[in-house]
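**Q** So the sequence lines, in the order shown, correspond to chains W and H.
The opening position of the first sequence corresponds to residue 593 in this note's numbering, with each subsequent residue numbered one higher.
The opening position of the second sequence corresponds to residue 593 in this note's numbering, with each subsequent residue numbered one higher.
Treat each hint with caution, since some may be false.
If several chains are the same, the list does not tell them apart, and a pair holds so long as it fits within one copy or across any two.
To be verified - Derived pair list, reagent style SDA-like, types lysine to any residue, alpha-carbon separation capped at 20 Å: (1) K766 <-> R697; (2) K602 <-> R654; (3) K667 <-> D696; (4) K667 <-> G699; (5) K664 <-> R701; (6) K667 <-> R693; (7) K664 <-> P639; (8) K602 <-> F630; (9) K766 <-> A644; (10) K664 <-> L772.
Calculated directly from the structure, the hints in this document are not laboratory data.
2 protein chains.
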Amino acid sequence: MKGGVEVEAKIMLDSCTELGRVRERLRGLGAALEGEVFEEDIYYQHPCRDFAETDEALRLRRAGGTVELTYKGPKRLVGGSKAREEVTVRVDPGEAERLDRLLDRLGFRRAARVAKRREYYRLGSVSVSLDEVEGLGCFVEIEYRGGGGVEEASRSIEEAAERLGLRGKPRVYKSYLELLLERSRSTMRG
Amino acid sequence: MKGGVEVEAKIMLDSCTELGRVRERLRGLGAALEGEVFEEDIYYQHPCRDFAETDEALRLRRAGGTVELTYKGPKRLVGGSKAREEVTVRVDPGEAERLDRLLDRLGFRRAARVAKRREYYRLGSVSVSLDEVEGLGCFVEIEYRGGGGVEEASRSIEEAAERLGLRGKPRVYKSYLELLLERSRSTMRG
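Whenever a hint applies, use it, and build me the whole structure from the sequences.
**A** Laid out in structure tokens, this is it:
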């Protein structure tokens with residue numbers, strides 16, 4: 593969606609059994625299953641920078657037979673929009689273990705692992721993904737894919753949430769990584 | 593040559609025109625050209641470790657359509673033999689530029705570049721490579737490939753040097769990287 597608006601909502605479900613109900617509704621509405629993927633992300637700490645402070649990230653992603661190493665730069669405001677440099681290198685899947693070892697030797701320690709099973713559907717002008725996140729629970733993400741502006745996007749998302757029986761469910765504004773790190777911090781405190 | 597001895601000699605030529613004479617001799621002796629490759633190695637500095645001090649290295653090698661990122665650990669003595677951990681990750685050639693950029697973003701600066709054109713021949717129990725190294729000059733490397741011990745290896749290498757008209761030429765015991773770093777240091781000293 594280059595040049596368009598990027599509007600999405602992340603909805604937390606009370607339990608993963610609810611995912612089945614949302615799936616039924618999607619099918620009832622004639623939504624097409626576009627894909628299903630198991631994604632495993634490993635986030636690394638830098639040997640001498642605090643990525644939490646510099647707002648950077650280094651991520652190794654394994655998903656459906658592809659492996660990618662991605663550097664994410666700090667979020668910046670560019671002419672009123674949020675921008676973030678991303679540099680991604682695709683790696684042969686057979687090389688993932690060796691890349692993890694090479695990073696370890698350079699002093700990059702594993703900081704967190706985010707693993708999720710994701711099914712995604714197309715429903716009119718939105719894409720709906722059903723996420724089962726290890727250690728966190730289940731979520732529904734609704735992302736606008738049409739060509740309209742922010743208001744049109746927002747309206748389409750709310751309408752989809754309504755049709756899927758998700759109105760009034762709690763919205764989440766943090767990434768799965770942030771939620772997992774928060775949880776592990778509170779567990780350590782607890 | 594797993595489990596065998598690794599014996600080699602590196603001979604410095606006075607000028608690269610000598611390379612032509614060695615090539616003629618090899619052909620006259622019926623040596624087979626086994627390959628020809630342009631190898632470009634980029635060595636990186638670590639963002640917070642002095643690799644010269646820790647005896648480690650990180651190298652991106654482009655050679656004949658393949659790209660590899662290699663970590664080399666410190667050299668250690670293991671039961672009388674020199675050993676060094678190497679972790680190599682093969683990368684799609686189209687990803688080399690992005691990998692260099694990703695390393696830069698993580699704070700790995702380019703420390704040195706070693707580029708060489710290498711032709712290698714098989715001559716009996718030794719392999720002979722003719723190296724033209726950018727910024728350094730031309731070299732002949734003779735490596736033993738037979739199954740014998742150190743004495744047999746050494747004898748084969750000296751015999752090959754003799755047949756190639758290289759007896760008495762200066763031997764070099766440093767890597768091309770070390771020679772290039774020495775040269776740039778002495779240039780800086782003026």
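**Q** Indicate, hint by hint, whether the structure satisfies it.
**A** Verification of the hints:
1. Taking the closest pair of Cα atoms, K766 and R697 never come within 20 Å of each other, the shortest separation being 31 Å inside a single copy and 25 Å across copies.
2. Neither within a single protomer nor between protomers do K602 and R654 lie at most 20 Å apart by alpha-carbon distance, with minima of 22 Å and 43 Å respectively.
3. In this assembly of identical chains, the alpha carbons of K667 and D696 lie at most 20 Å apart only when taken from different copies (18 Å versus 26 Å within one copy).
4. Within a single copy, K667 and G699 get their C-alpha atoms only as close as 24 Å, which misses the 20 Å cut-off; across copies the closest is 18 Å, which meets it.
5. For the identical chains of this complex, K664 and R701 are neighbours both inside a copy (17 Å) and across copies (18 Å), given an alpha-carbon limit of 20 Å.
6. In this assembly of identical chains, the alpha carbons of K667 and R693 lie at most 20 Å apart only when taken from different copies (18 Å versus 28 Å within one copy).
7. Both within a single protomer and between protomers do K664 and P639 lie at most 20 Å apart by alpha-carbon distance, with minima of 16 Å and 17 Å respectively.
8. Taking the shortest Cα distances, K602 and F630 sit within 20 Å of each other inside one copy (18 Å), while across copies they are farther apart (51 Å).
9. Proximity of K766 and A644 under a CA criterion of 20 Å is satisfied intra-copy only: 14 Å inside one chain copy versus 42 Å between copies.
10. Taking identical chains as interchangeable, the C-alpha atoms of K664 and L772 lie at most 20 Å apart only when both belong to the same chain, with a minimum of 19 Å there against 34 Å between chains.
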